[in-house]
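> Start from chain A and add chain B according to the hints.
In the order they appear, the protein sequences are chains A and B.
The numbers in my numbering rise by one with no breaks, and the one at position 74 of the first sequence is 874.
The numbers in my numbering rise by one with no breaks, and the one at position 129 of the second sequence is 1055.
Bear in mind the hints are in silico, worked out from the structure with no lab data behind them.
Hints may contain errors.
[What the hints assert, rightly or not] Just a few of them, taken from the derived set where beta-carbon distance is under 7 Å, the chain A residues facing chain B:
(1) Arg812
(2) Leu856
(3) Arg879
(4) Phe908
It should be emphasised that the depicted structure is a prediction, and the values quoted were computed from it without experimental measurement.
Heads up, the beta-carbon is just placed ideally off N, CA and C, and yes, glycines get one too.
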Amino acid sequence: MKAVTVNNIKKRYGAKKPFVSALEGVSFEVEKGELFGIIGPDGAGKTSLFRILTTLLLADGGNVMVDGLDVVKNYKDIRERVGYMPGRFSLYQDLTVRENLEFFATIFNTSIEANYDLVKDIYSQIEPFKDRKAGKLSGGMKQKLALSCALIHRPSVLFLDEPTTGVDAVSRKEFWEMLKKLRSQGITILVSTPYMDEAGLCDRVALIQAGKIMSVDTPEGIVSAFGKKLLAVKSDSMLHLLNELKACPDVEDAYPFGEYHHAVMKQGGQKELNNYLLRSGKAFELKEVTPDIEDCFMALMKN
Amino acid sequence: MKQFKAFVKKEFHHIFRDTRTVFILLGMPVVQIIIFGFALTNEVKNSRIGVLDNSKDAATESLINELEASRYFDIEKNIYSYNDIEQSFREGKIKMAVVFPQRFGENLQHFNKAQVQLVADASDPNVANTLTNYATAVVMDYQKRITGNRQLPYTINTEMRMLYNPQLKGAYNFVPGVMAMVLMLVCTLMTAITVVREKEMGTMEILLASPIKPLKIIIAKAVPYLLLSIVNVASILLLSVFVLEVPINGSLLLLSFESILFILTCLAFGLLISASTASQQTAMFISLTGMFLPTVMLSGFMFPIENMPLPLQIISNAVPAKWYYMIVKDVMIKGVGLESVWKETLILAGMMFFLLAMAIKKFKIRLA
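Okay, chain A solo, but in the shape it has when bound:
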């Protein structure tokens, strides 16, 4: 049995035309004990998908099974066994850290003591502030508290909607470490993120864009499916360079990427592009790079 089976899910908003289509036939499966990433930019449909998975929204078509249960028919059973952390900090700001955790433990018919071993690693970091109001915590600490609250009933599947958005780099790294530890405890984790660089931290990822899944694979699998030469170019006049790259017949796609421009080659490689760029007589730096998830995402979007 899969932990999550999503089959051709459709969701649109608004009763009248034109509809706003959030999900257009999304399908994927998540294995038990997997750390599964749903990667896509803002507005791709990640939150709608998570709300459907957590029984909070009804899909307009398709079906979803979580832990072997149907999200529409068996929504009550699912609510007992999944953990959900919404994208926005959604705890009681006027309750203390301890009170929040206690409250959610009780709501899920359990107690902090019963599952303390599961949240210990995370909660022990914020325990020194247990009498502080949740609203007065820093962003990273809020995140840890929210995760503790979502975990306190030992869910079989944990849904984390953009848990690292708006969190500093160090806290993000820590957060992913925590997720890896949880996975080793046998909890299936679905996590959504707009940050492409976090894809590599997942066992498998689904790339989602405009309500459609473009690819589901391991991060390595996605990268190896890129299949084209990728070159990074830099010069003093980046805008001019980009136009030049786009005009080159050998270049399939060119886009800014950090301090370089990335050029996806239709044919040829470093030598051909080098020759092409030399004609303009301006100085440039050219090197071949291995594509990462963002390059793959851009390439998939083009198709």
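Only chain B this time, still in chain A's reference frame:
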């Protein structure tokens, strides 16, 4: 049950950690009772009036003394002519002027007939009316005294008795009104806001994704406000009995029962509003216009319903506060029992069940 207790405890934390909420919940009833009791009263006391005495004889003097002796009037001196009267009205120094013509006493003695003119500032018609009535009564009193036991043929004496409120105290009217208003505000407004706040803060999302049943959420949200409202009823009753000296003539038990019934009606309405709105502002707006305004306008507390045009009279039947106000007046002031207010009680109970059923039906088990 543990879930429920934890939820109620959390609600109390929300309430008592926000000083503004605490003040609104527990301070407002006290403040309202005191404001209505001492500042906003439609009784006319110590109104400044002017007296222009063109006659200056024994009769006018004793009449003026009587006016002055009554607690309704304070006499403004320094009025010697019609111009002074005009001037004093314009400056707002006086509300009414009493003018005695020349030879008032003489006419009274020799022709058995004399006239006194009352000039009132009718820019506030109610006050003008009340003042002229008071003054007329004082003059009539005086006349009765000088006629003495001389028996006039064919006289009809009207004898008035003000039942239930012999001193015509305003408090008898507004205590029930304030009770209805305060309960309405506390229960409807605060309950609506507290549920919608969970939606706004996003915590509703977690609650819905948890195993707690929606019905439990609703009831747990309402319980703290029910308890606080009972405290409010008690504090209003204590204040009115011991500070405003309004008695509770009927059964305290019946009054409490009716109050709880009304509180539940308001809570149900608050929950219904919260189930159908998504923002605190909308919830507040709907509770104020949908509940608070009708309570003030159409419950009969500020304006008598009998004087309203028929459509408004019909609409007023849909205002729960009207029925509660009637019940409280009957039980508290007239001292009647359930046998006299069972009809109103049934209507209120019907409204309560209807609103509660709507609220539960409207409460969504999902986000949209």
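> Which of the numbered hints are not met once you compare them with the structure shown?
1
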